[in-house]
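Colleague: Model the placement of chains B and C on the given structure of chain A, informed by the hints.
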Amino acid sequence: MVREAIPSEGASGGQNSQRNYHYRRRFLAGVGAAGSLALAGCTDSLGAGGSSAVKVGFVLPFSGTYSLLGESIENGFKLHVDDLGGEIDGTEVEYVKKDTGADTSTGVSITKEFIQKEQVDFLVGPVSSAVAAAMLPEVEKQASALWLNANSGNFKLVAEGCSKYHFRTAFNSWQTSAPLARFVMDNVADNVCVSYADYAFGQQSKTFFSEEFEKAGGTVVDEVAAPLGTSDYSSFLQEIENSGADAVYSFFAGGDAVNYVKQFSEFGLNDKMTQTGSGFLLSADTLPAQGEAALGMYSLLHYTPTKQSERNQAFVEAYRGAHDTAPNVYACQGYDAALAAEKAVTEAGGTDVEQLVDALSGAKIDSPRGNFRFNPKTNDPIHDLDVRKVVSADGGVTNEIVETLESVEGPTWNCSL
Amino acid sequence: MVTTTALAKATLLGVEMGMTLILITVGLTLIFGMMDVINFAHGSLYMLGAYFGFALTAQSGNFWLALLVVPLAVAVVGALIEIFALRPLYGRNPLYHILLTFGLAIIIQGLVTDIWGGQVRNISTPDALSGAIDLGLISYPTYRVFLLVVSTLIVVALWLAITRSNFGVLMRASAHDSEMVDALGVDVAKVFTAVFVLGSALAGLAGVLLGTARAVDPSMGAAVIIQAFAIVVIGGLGSFRGAVVGALVVGLLNAYGPMVAPSLTDTLIFVLMAVVLLLKPSGLFGQPEGV
Amino acid sequence: MAIEDVLDRYSARTETEAEDAAIIGRTGRLALVGVGLALVAFAPVAQAIQPFWMNLLTLALIFALFALSLDFVFGYAGLLSFGHAAMFGAGGYAVALLLENVTRNALVVLPMAIIAGVVVAALIGWLSVRAKGIYFAMLTLAFAQMIYTLAFNDIPATALGVDQVTAGDNGLVGIPSYEVAGFAFDSLVTYYFLALTIVALSVALVLRLANSPFGRVLEGIRENEDRIAFVGYNVRHYKIVAFAISGGFAGLAGGLFVPFQSTAHPEMLHWTVSGELIVMTLLGGMGTLWGPMVGAVFVVFLEDALSSVGNWEVVLGLIYVLVVIFAPTGIAGAVTSLKRNPREAVSNVPAALRGYVENVRK
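If you read the protein sequences in the order shown, they are chains A, B and C. Using the numbering used here, the letters of the first sequence map in sequence onto residues 1 to 417. Using the numbering used here, the letters of the second sequence map in sequence onto residues 1001 to 1291. Using the numbering used here, the letters of the third sequence map in sequence onto residues 2001 to 2362.
Here chain A stands alone, though its shape is the one from the complex:
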């Protein structure tokens, strides 16, 4: 506007637009230069990829429903590497990360890119089991990176994949469901109704729990499946109530867990039956939103932030110092992935993938969740599991450990590495 008011404008309109044109050209040239610089950067890191640094690729969701999980895993991983001064065994650690969203094919694309283009030594992730299942063939085929699975519990990764490059620093779906059966049988009730989110992981959890519960002599009275992402569970809750069972075993996670638990209490079901479930039903992330509705409910998980051990308290303090919030189970899984990476590189004395695999097979990890080791047959963790009960704490509710099941191994599904 101001420029238009300059008197000469009328006479030299053409020149003016020509000048603009030049600016445009210069601007474009600038972009071109930046582009080629970036390119040079690319080839540089490519040359260095295999040898001079330990390269870690985060295949995690940073947007959408699971973004919190992705961020927690990354934070946990970096917390330990930062403790080590940013290097493992004298070698600098480099990161690449890309957002998988909740999209399976994006996850595969990123895996390919990280392995083939970025030539990472470690893949860390993913969150979703479907992404993990889709990643597995690629990791196996390329055989050039070690995969630290920091969240996906899909047992089929072992049962159908059984890849030596796949190490789980998280859990498998049997471990977060079946071991609770005996506890429920002994301490809660001999009959349950099982309710679950109707997708692969929910179905797996339900089946594992039911099998184990019936093995222990209990009865599964009814099964109630609700679609993933249901916002109003009232009709399903009525089915659960109608089952007349004394206890419920449930698998729901994230927003579903909040809706389900809140509404369970809202309809007064907590007065009639005892709620039990996998730890994701009542995790550190969902408890603040669930509040008093969750009181008295039991759950099972491999990490509890309130665990009273020196190792854990040091971890919680360090994490709180860096991120201003207590760590959740995902942060612990990420942290343990970094512990595993450190162990592997240090023992292998480099980043050759076969040596990394050998170094990590059967290795012990000094985790905040308690010491665990990788099962040499499956590379799944053999770890302690906490049975927790939700109790009042100052200003809110928290999980209190009532029993710890030690060194829970679980089936190997005919996988024998």
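No wet-lab data here; the hints were simulated from the structure. Each hint can be trusted.
Which stretches of chain B does chain A cover? Using the computed rule of at least three CB atoms under 8 Å from a CB of chain A, they are:
{"id": "1", "stretch": "1009-1016"}
{"id": "2", "stretch": "1117-1125"}
{"id": "3", "stretch": "1138-1150"}
{"id": "4", "stretch": "1214-1226"}
{"id": "5", "stretch": "1246-1260"}
{"id": "6", "stretch": "1263-1270"}
Just so it is clear, the structure is predicted and the values come from calculations on it, not from any experiment. Where is the CB? At the ideal position from N, CA and C, for every residue including glycine.
Modeller: Just chains B and C, lined up with the frame of chain A:
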């Protein structure tokens, strides 16, 4: 197996779910009826209402204050959207509103994730509304009774406003023939803004009301929008009556569905929509011509 | 009476519209051939510097084909499909099952992807074309979501009494790639050329169709359905056929996508895929055929570039909003006006801004 009690409870549930859905669908259908805008950002306004409600109750501890203030705050956001993004587009192919409001929905969801994080939140239920009420045959949570009463009152008030008030007449006239209304000396642009603001305020109110009963997370807007569209289409685009009837039918469907085919509950609404449109290609109460 | 006569007589085509149509005329075709040759020449360069570039390009090509399939029915016949994911997924799942269980021969499997897309589209189209505008869109959405549920809950397996067909939300993984006469398309560069060839053939075919009398009838239907019906064309029939053809190309895109990602997942069928496809089409410029392809490539590249940045969705959303407000005819429209009169196009920018401010003040 299905007892009378169970049926009664499911029916009450269905009506309650339907009434709360109306708060979302009415705005959607009015905005479409008036301006031909397919508003993908409507679910985001609902989500924004829930987050504003969460922030305000967490700060002040007063749910009632949030119930008053949040719809106004969301209305302001709605006004900004209408003035700065939609207004320049009137008169163009309405399909471009899809791209625009899709973009807006992504922006709002991204900003909310940035500000409040991906963690699931919840607005705490006020003490006065916790517990359950004995309704003779069944006992029902107090908060849900409150939800039912409040949303019914609002729907009745809207109904009266649209059919009886001057503004309602103006609104319907503008939807029917905006050039005519313009020629009569009424500023149609202002009517459009008012309708969009009203729709936004209702979505915001729904956010606060349902944010106590449900989980509040950044994806809640995207989760509700397709269902809301389906309801509006079942009822007939632009029809207030259609949005009300459609929401109630879908509410009942959601309540009875789990008794019959739990894993297909999500799909029932699409089956219903397909059946309705195959029999009546412009919805139950819609005008025959499409876009 | 030839359809051109009908159009000339009844639809008042403006000069600019005629010029727009000419984009896909001689210069447009030359440009397309040029782009094709450049893409061919790119492969050895990428192979030498960074082979992985071809990964993103292959994806972009696949989505360009998918966007082309939508624009054929949307831009040309005016049928807004909000269910194109159904055909994409149908092609994808068909290919996944065949590659895993029957044969890896591309000459057998790829045509089956097309057939799967055509069958699903014909069915949806047959049921839906009675409804118009948004109602049509919502019907296609409804059917697509039903198919999504079928795949997500693996209802085919329950119905057939077998262990798994779609494998539910786990999806089918580890899908092998194509072969032709013993030659396997299992490297980036071979798959890139496979995709490029198929997309090029599809573009040529769609252009032919669009410029054929059949395509003219579709255009006529978009402009004024009643007139075309009045002249004696069976509008319903034309719409269904157009939708089925479009579905065939969408199925083909799905058939290229699945072996490339080595996985078939219900997400392919979800409404968000259809939604994103509409966004690509509008962003590129609907009804131009080449615009939506550019839009698809643009979105694929943009999402990739942004996805390592935090908060990338906000940026993406902002771009959508700004494009709609300031370049309402999409990328294609902007390019066309730049080509027609570069100086005017540049000097139009302040005018557009002023127009925007005026509109806001109104």
